[in-house]
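*Asks:* Residues per chain, in single letters:
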Amino acid sequence: MVKREEFLSQLKKYPNLKEFFQQAEKEIDKAASLEGLEKIRVKYLGRKGKITEILRRVGKLPPAERPILGKLSNEVRIKSEREIRLKREQLEKQATESKLLAEKIDITLPGKRRPVGKKHPITEVIEELIEIFLGLGYKVAEGPEVELDWYNFDALNTPPDHPARAMTDTFYIDENILLRTHTSPVQIRVMEKNKPPLYIISPGKCYRHDVMDPTHSPMFHQIEGFIVDKNITFGDLKGTLEVFARSFFGKDRKIRLRAHFFPFTEPSAEMDVSCGACKGSGCRICSYKGWIEILGCGMIDPFVFETVGYDPEEYTGFAFGGGVERMAILKYGINDIRLFFENDLRFLKP
Amino acid sequence: MKVLFSWLKDFIDFDLSPEELAEKLSFNGIEVEKIEKLKYSLKNVVVGRIKEIKPHPKAERLKICQVDTGKRILKIVCGAPNIKKKQCVPVALAGAILADGVKIKKTLIRGISSDGMLCSARELGISSDHSGILILDRDAKLGEDLIKVLSLDDAVLDCEVTPNRPDCLSIIGMAREVGAIVGKKISLPSFQVDESKTPLGKEIQVKIKAPDLCPRYTARLIKDVTIEHSPWWMQRRLECSGVRAINNIVDVTNYVLLEIGQPLHAFDYNLLSGAKIIVRRASPGEICLTLDGEERVLTPDMLVIADQRKSVALAGIMGGATSEVSERTKNILLESAYFHPPNVLKTSGELGLRSESSLRFERGIDPNNVALASNRAIQLMKELGGGEVFKGIIDVYPKLIKPKIISFRPETANKILGTDIPKREMIRIFKSLDFSLKDNKKLKVAVPTFRPDIEREIDLIEEVGRIYGLNRIASTLPESSGKIGELSFAQRVERIVRDSLIKSGLSEIISFSFSTSENLDKLRIPKDSPLRQQVELKNPISEEWSSLRTLLLPGLIETAKYNINHGQNNVQIFEIGRVYAPAGKGKLPEESLKIGVLLTGFWQSGEWYSQEEEVNFFDLKGILELLMEDLRIKNWKLEEETYPFLHPGKSAALFIGKRESGFLGEIHPQVQLESDLPAKIYIFELKFDSLVKNARLYQAYPSIPRYPGIDYDISILVDKEKSSEEIEKIILKNGGKLLKRVKLFDLYSGKQIPEHKKSLAYRLSFWTEERTLLEDEVKAILDKVIKGLEKNLGAEIRR
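One line per chain: the protein sequences are A and B, in this order. Positions 15 to 364 (our numbering) are the ones given, in order, by the first sequence. Positions 54 to 852 (our numbering) are the ones given, in order, by the second sequence.
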């Protein structure tokens, strides 16, 4: 396309055309709204527009003049149309921008929430523990909460005259039926019905005759794990508990075992996990010990195997069990066991 | 068991701080729960020797002493009755601070200046004895700090002794554990008795009539003792161990109980009738007045110690009041015996009477230490109370209890522990525990009688692991044998249920399994309802928790109430828990899992954006529908049904197939009112096993239409009684194969609609997989639908 100066000089011979062109240019430039711009378009390029009029008249000119004026006036039309288009785009953009600006919101207002529910923290812990042990090849077993004393005590090497039995505060239904005091009777129930190898994890409710206080509840949850197979060692128990402690409490956690006594495991131990709050240096949470007691464990006592008809020379196994509330308390920083059963929605849906 | 640190050093020499020892003991199976440091605020109290005693010129009871503290001779005014020349005594110098915080300064006492003060045990804070000045050993070093002289820098380890280790309920037993830890043997003094020449003869006879319950009984006699306070060191040791000091004789029995672990009993010999001790079963209804002043009614299963006329002690549990040692006592019969552990446990349990003595007997003391403990005690009695010990001991021990011999295979130990501990190390461990090895080739281990917990090879393996150190065992994982971890079908269904309810906006609760029939009264459950058949607890914690629940509903309502009372009015919760039904006497109750849901209040309220929407029956039903959808259960339906606790017009039974599987509805306004609940409550309760039976874990995905379909909206005016279900049925029946979906999108009754009528608007969606539908064919179907509705329901239709 020719340069503007050149084009204007070409228009010299047609003062009307030049004037309209320059007028249109000026008006377009000044147009402040899309409506105004449309009026300008109609004024010059509409059906009765000034430039359109000239174009229309070209046909009536002598044939010699037609090509030049035709070309020039057409060019004026094209150029003006382009100006209008550019201006329209500019105005449209401005309009959109000011419209969006007017729609500005306060992004600091709180978000809109759908009503949602939440799992109970005890369920959260149980499911997380189950996931860990599913990964280690365990299956989940459940047992009755109302148990025969035989499963709860006798079969677990705790006969009626055993001091450990007298130490446990038990709810009784009648002479031989009670609310289980731990999840360990599931060991017997599973072993009775199945042959080794067994890899079992068993969560559930347990009951002890304790009055409610910040650390006791007559109903609570335990999780029991046990395996029976050939060549299972105490080292396997230790390794398994390490996997558990690290995946449940955190990779940096350590465990230690303290020898202990349970009638149905031998050797028996209690497992401590290094305190996560102070990294073992001692703080209020761990009673300044650096370690926190988590669960009891041990190699399954040969007495138990004999009770269910397994040969203790052929099979060995280990078992461990701990309180779910305690694990939840430690993991989630909860300070009172009663919160789990009050079911205050401010606690359940924080 | 409270273990005084310095007492241990009587029997074992070790070089550990209380903290170090506590940690080692804890790893070895005796958890030290607390270390109580004995802090004495004593300052500037030193040893001095009394050189001279003169009377005070102005006060009859006071004396003026010249006391040598090594560097200086002090003049001290003292009023204690027991001071004598040449005694070594504690001297509080000017500037000293006593146990009770009293500051000592140079002062005038009735005109005589006193440079300091001589102190009693109580003033020093080491025992409650204030009968006189504490007399120290004659060879105490003059001027030495008293804290050092009396080794008062001490600690009490509060130990949790597990029930399998009765031997550790004694200082000697604990010292033996310490020995095993530090690799040293304990040194037991030979408790020589300074006996008189008079042999024990017809003064006393012992007859055991129940040898099964009393395998050994010994008696010793001491005469002409003086009952007085024990010396400060004994009082201090007792008090640090949590035992109150009483008098020298009773204190000795307690002291030896703590030291050796053998419970003893001292009878006032003169208060026994007849020169006879009879160990026998109680006669039915026999009454024994025990030391605590209670009259105990006995049964023939209980063992008593009796004189010729009556029972004078509950064997191994508590002595009788009638022969109690008092200030007037002169002659003592000392009992040291071994009683059958289960019988002591049973008797003390039945009588609800536990003592330091019964605690040890029920767990099993060492039957072969019985005489040793008697000798130790009688000698201490003589030393502290004077008198004359008869020569000899009556020891009725018909059948010697011998150490157990247990075969032990080192390779089995290593196999179970997962270790590689050499045999010689295992032998060393056994020896450190005072176990002896009968035959070094086969390894037969003789376990002393103080360890009743060691009965089998596995028990020995535990000792090896324990003393070797459980934390030294290398961690391994069981060899994988292609085992697969997975959830059962029912366990997966439970997870789907939980996820579905949470997705619907409900929060999970866990409430107590305990209940009471009162909860059922509140729900107006009739007396003959099976829900009234509750499992009752024999020993409930409280009346409100006296049985096991048969419904989840009360727990859900309680939880709603709790939250409403705490300002949380919008409660949308669920519980997955068991209910319990009795299955007959001697049988375990039937436990079944149920799912309970409760809605009340608004879904959301008090939000800046929300339109508050109160929950209603159809929220509840929607949750149920989604649950069934998530479980892919299709064959379910609701049927109108009434329940005593539900609104009769807003309640239904859930059927899955033909089985009634739950109920849902609005809580009866009367029940709501009586339960003090401010808003309407909607609940459902389902049987989990019905869901499991019908659930599917997955289903094929539907195809979506490729060809455009046609939607038609129709509005139906019908009598109010007609149900939505009826209408839909007729629409579907007449709609044929091309009608794929019927959806109610409006329901109206009120203005512009005749009374007793309602208007329902449905959108009918037609499509087919095969082609684009023609308008005419759909219109033809629609006509058929409309005719069906008109004919069957008398409906008026507007398209």
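Take the hints with a grain of salt, since some may be wrong.
Claimed, not checked - In silico SDA-like cross-links for lysine to any residue, where the CA-CA straight-line distance does not exceed 20 Å:
| id | chain 1 | residue 1 | chain 2 | residue 2 |
| --- | --- | --- | --- | --- |
| 1 | B | K591 | A | P158 |
| 2 | B | K740 | A | P158 |
| 3 | B | K556 | B | Y751 |
| 4 | B | K201 | B | P353 |
| 5 | B | K457 | A | G296 |
| 6 | A | K293 | B | G538 |
| 7 | B | K201 | B | D63 |
| 8 | A | K363 | A | D350 |
| 9 | A | K363 | B | K457 |
| 10 | B | K740 | B | I549 |
| 11 | B | K491 | B | N524 |
| 12 | B | K77 | A | P158 |
| 13 | A | K244 | B | K556 |
Claimed, not checked - Sample of chain B residues lacking proximity to chain A, with all beta carbon distances greater than 10 Å (derived):
| id | residue |
| --- | --- |
| 14 | T215 |
| 15 | D512 |
| 16 | S528 |
| 17 | P531 |
| 18 | A753 |
| 19 | P807 |
| 20 | S812 |
Quick caveat, the hints were computed from the structure, so don't treat them as lab data. For glycine and all other residues, C-beta sits at the position ideal for the given N, C-alpha and C.
*Asks:* Against this structure, judge whether each hint is valid.
*Replies:* Now the hints, each set against the structure:
1. Between K591 (chain B) and P158 (chain A) the alpha-carbon distance is near 18 Å, which keeps this suggested pair within the 20 Å criterion.
2. For the proposed pair K740 (chain B) and P158 (chain A), the alpha carbon gap of about 17 Å is at most 20 Å, so the pair holds.
3. Proximity of K556 (chain B) to Y751 (chain B) is assessed by CA-CA distance (about 18 Å); at most 20 Å being required, the pair is judged to hold.
4. A threshold of 20 Å between alpha carbons decides the hint, and for K201 (chain B) with P353 (chain B) the separation of about 55 Å lies outside it, so the pair is violated.
5. About 44 Å separates the Cα atoms of K457 (chain B) and G296 (chain A), which puts this hinted pair outside 20 Å; it is violated.
6. Proposed proximity of K293 (chain A) and G538 (chain B) is contradicted: the alpha carbons are some 33 Å apart, above 20 Å.
7. Under the criterion of a C-alpha separation no larger than 20 Å, the hint pairing K201 (chain B) with D63 (chain B) is consistent with the structure, at around 17 Å.
8. Distance hint between K363 (chain A) and D350 (chain A) is fulfilled; the C-alpha atoms sit about 17 Å from each other, no more than 20 Å.
9. As the CA atoms of K363 (chain A) and K457 (chain B) are separated by approximately 60 Å, the hinted pair breaks the 20 Å bound.
10. As the CA atoms of K740 (chain B) and I549 (chain B) are separated by approximately 15 Å, the hinted pair is consistent with the 20 Å bound.
11. Under the criterion of a C-alpha separation no larger than 20 Å, the hint pairing K491 (chain B) with N524 (chain B) is inconsistent with the structure, at around 30 Å.
12. Proximity of K77 (chain B) to P158 (chain A) is assessed by CA-CA distance (about 40 Å); at most 20 Å being required, the pair is judged violated.
13. A hinted pair counts as satisfied when its Cα atoms are at most 20 Å apart, and K244 (chain A) with K556 (chain B) does not qualify at roughly 44 Å.
14. Consistency note on T215 (chain B): stated as away from chain A, yet its beta-carbon is not over 10 Å from all of that chain's, at 4 Å minimum.
15. For D512 (chain B), the condition that its CB be more than 10 Å from all CB atoms of chain A is violated, with the nearest at approximately 7 Å.
16. A Cβ of chain A approaches the Cβ of S528 (chain B) within 10 Å, the least distance being about 4 Å, so the stated non-interface status is violated.
17. Its beta-carbon lying about 5 Å from the closest one in chain A, P531 (chain B) breaks the requirement of being farther than 10 Å from that chain.
18. Here A753 (chain B) stays apart from chain A, with its beta-carbon at least about 27 Å from theirs, past the 10 Å limit.
19. With a least CB separation of 38 Å from chain A, P807 (chain B) remains clear of the 10 Å interface cut-off, as annotated.
20. Annotated as non-interface, S812 (chain B) keeps its C-beta farther than 10 Å from every C-beta of chain A; the closest such distance is 30 Å.
When the structure is compared with the earlier hints, violations turn up for hints 4, 5, 6, 9, 11, 12, 13, 14, 15, 16, 17 and for no others.
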